[in-house]
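Chain A is fixed; fit chain B onto it per the hints.
Chains as they are written, first to last, in the working numbering: chain A, 1 to 128; chain B, 1 to 376.
Treat the hints as calculated values from the structure; they're not laboratory data.
Each hint should be verified, as a subset may be incorrect.
Under the rule of at most 20 Å between Cα atoms (straight-line distance), these lysine to any residue pairs were calculated in the SDA-like manner [said to hold, decoys possible]: (1) 55(A) to 359(B); (2) 16(A) to 57(A); (3) 18(B) to 36(B); (4) 289(B) to 36(B); (5) 16(A) to 89(A); (6) 18(B) to 50(B); (7) 55(A) to 182(B); (8) 55(A) to 36(B); (9) 16(A) to 112(A); (10) 55(A) to 361(B); (11) 16(A) to 97(A); (12) 143(B) to 83(B); (13) 289(B) to 358(B); (14) 55(A) to 376(B); (15) 375(B) to 57(B).
As the structure is a computational prediction, the values presented were derived from the model and not from experiment.
Each chain, letter by letter, is given below.
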Amino acid sequence: MNPTDRKYSRDHEWAKDEDDDTILVGITDYAQEHLGDIVFLELPRVGATLNQTEKLGEVESVKSVSDLFSPVSGEIVAVNQVVVDSPEMVNEDPYEQGWLIRVKPSQPAEMDGLMTAADYESFLESLD
Amino acid sequence: MTQQHESSLIQEESATLKQTALFQAHVSLGAQMVPFAGWEMPIQYEGILAEARAVRSAVGIFDVSHMGRVEITGSDAAQFIHRLVTADVLNMPFGRARYAFICNEAGGIIDDTIVYRLEQERFLLVPNAANADEVLAWLNLWKDRWATQVELRVLTYETALIALQGPQAEEILQAVCSVDLSAVRPFRCVEGQISGIPGIICRTGYTGENGFEIILPDEAASSIWLDFNERGATPCGLGARDVLRLEAGLLLHGSDIDSSVTPLEAGMERYVNWEQGEFIGLSALQESKRTGLSRTLVGFRLLERGVPRHGYTILNGQGPIGNVTSGTYSPTLDMGIGLGYVALEFSSPGTSIALDIRGRRVEAEVVTIPFYSRKR
Chain A
1 MNPTDRKYSR DHEWAKDEDD DTILVGITDY AQEHLGDIVF LELPRVGATL
51 NQTEKLGEVE SVKSVSDLFS PVSGEIVAVN QVVVDSPEMV NEDPYEQGWL
101 IRVKPSQPAE MDGLMTAADY ESFLESLD
Chain B
1 MTQQHESSLI QEESATLKQT ALFQAHVSLG AQMVPFAGWE MPIQYEGILA
51 EARAVRSAVG IFDVSHMGRV EITGSDAAQF IHRLVTADVL NMPFGRARYA
101 FICNEAGGII DDTIVYRLEQ ERFLLVPNAA NADEVLAWLN LWKDRWATQV
151 ELRVLTYETA LIALQGPQAE EILQAVCSVD LSAVRPFRCV EGQISGIPGI
201 ICRTGYTGEN GFEIILPDEA ASSIWLDFNE RGATPCGLGA RDVLRLEAGL
251 LLHGSDIDSS VTPLEAGMER YVNWEQGEFI GLSALQESKR TGLSRTLVGF
301 RLLERGVPRH GYTILNGQGP IGNVTSGTYS PTLDMGIGLG YVALEFSSPG
351 TSIALDIRGR RVEAEVVTIP FYSRKR
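Looking at chain A on its own, in the form it has when it is part of the complex (with noise of 0.2 Å):
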C-alpha cells in the first residue's frame, strides 16, 4: 500500500510536504520493485534547481538504468547521503529512510495536480 500522506506522479515518484514548508521526494514501492537491486543513484547537488519533470537524477539497478523526474519545480535544500552511500536503502525503505531529495517548492500548487495514492494505485492497474 502506498502512503496517504503524500502525492504521486506517473514517472513513479512521491512528494511529501513536510512541516517546514519543504517538499521530500522519492521513488514509490512499484518503482524499486520493478528495477530490481538498486546498486547506485546519481542526485543533483543542494543549491540545484529544478523544474517541475525536469530530470533530476539516474537510478541504476543491476537490470537497468533509468532517469529520475522531479515531481515538483524548486531548489534542492538537501540530498539524502544515506541513499548515496547505501542505494539498497531505496529497495528496503522506499517511503521512509529512502528518500531521495528535500525540495523547496517554488510552484506549491504543483503538489495539487499529482496523484492522491488511491488515484496512483488505479493507475498502476491500468499499467498491468
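Chain B only, in chain A's frame:
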C-alpha cells in the same frame, strides 16, 4: 522514472515462447519470468544480488534447460566433432568435458560450447539457447558434406538441465546422487541416478564456483528441483547467472563474442588447439595469428561509482577506443566491472581508460580476467 536501458537479457516480446519442464516450479516459487532466446525464463526470484551472494557463499540452482543438448553418436562421432571445434576431441578420454569454440571458415565464433564425451562413440554438445538451431544446422550441413556416419539427436525438448553451483553444491547433490561425486573432478561427466532417476552428472558450470550441471528427463525435473530447494539451495534466475559469469570472466555469446570475432581476438587462444590437425576455421585463425590482432577483449573495473552496460563507448584521453560488450555491478567486488574490445595498445592490465556512461565520463582501468576466483 523512465526506463532508458533495459538489460540485454530482456530481448523479445512474448509471442510464442517455449517453456522448460520447470516453468510451473518457477512460477510457484515466485520467479519473475521474461522472454529469453525464445524461452520464457526466470530472470530473478528474491533478487539478483541475494541470489548471486547465495551462490558465492552456499549453493544456488539454475534452470538452464533452454540451452541446447545435442547427442552425437556413431563410429565417426569423435572425428566429426574434432573437425568442427577448436578443442582436441580425438584424444579426449570418455567421461571428460571440454570447452571449445565452433568457428566458421573465417574463424568467427558461431558458438562456444562444452563437448562431453559420455562414451567412446557418444558425445553431448551443449550450445547456447540463442544458437541451438544454428549449431544444429551447422552440424547437419557438415554431416552431409562429409557423408559422416554419425547420428544427431536433439535432447533439448525431452530433458531438463539444472545447474547446482556454490561451495555446498556437492553436499546437496551427493545426498540424492548414486555416484561418488568426489571422484567426478572438474570437467568430468558421468551417468548416474539422482533421487533414483537416471541422468547425466557433470562437474561444470558458468558461475566461477564449484558445482554441477545435471541432465534429467523432463518428467522428473520439477520434483528434483523442488527437493534441492527444500534442502537449502537458493533458486537463481538469469540475472544472477549473468552477474556471476561476468565476475568469473566467462564470455557470453551474442554479447562478448559472435561470428564477427575470432577466439584469438576474444583472448581465448588457450582453447584453440593448434596441434590437433584440420578443423573448420583453422587456416583463418593461423592467418590471423601470423598477421597479428588489431583489437582484443579486455576486462576493466570502474574507479568511480557506476554500472557499465553493453554498448557503452570506451574512451582514452583523446576519444573512443572501443565498446563495452558486457558490464554489471559486481556484488562480490562492490564495483562496476565489464568486458570490451579495445585496440591492442590499450589492452595491458593497468592501462587507464574511461567509459562514456550516458554522457558522463567515468574513469576505469584495464584488469586481468577473471575478476573473481574462488578460494580453493
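Structure-based check of all given hints:
no.	hint	verdict
1	55(A) to 359(B)	holds, 14 Å
2	16(A) to 57(A)	holds, 18 Å
3	18(B) to 36(B)	holds, 10 Å
4	289(B) to 36(B)	violated, 35 Å
5	16(A) to 89(A)	holds, 18 Å
6	18(B) to 50(B)	violated, 27 Å
7	55(A) to 182(B)	violated, 56 Å
8	55(A) to 36(B)	violated, 31 Å
9	16(A) to 112(A)	holds, 12 Å
10	55(A) to 361(B)	holds, 18 Å
11	16(A) to 97(A)	holds, 13 Å
12	143(B) to 83(B)	holds, 11 Å
13	289(B) to 358(B)	violated, 36 Å
14	55(A) to 376(B)	violated, 47 Å
15	375(B) to 57(B)	holds, 11 Å
Violated hints for the displayed structure, listed by number in ascending order: 4, 6, 7, 8, 13, 14.
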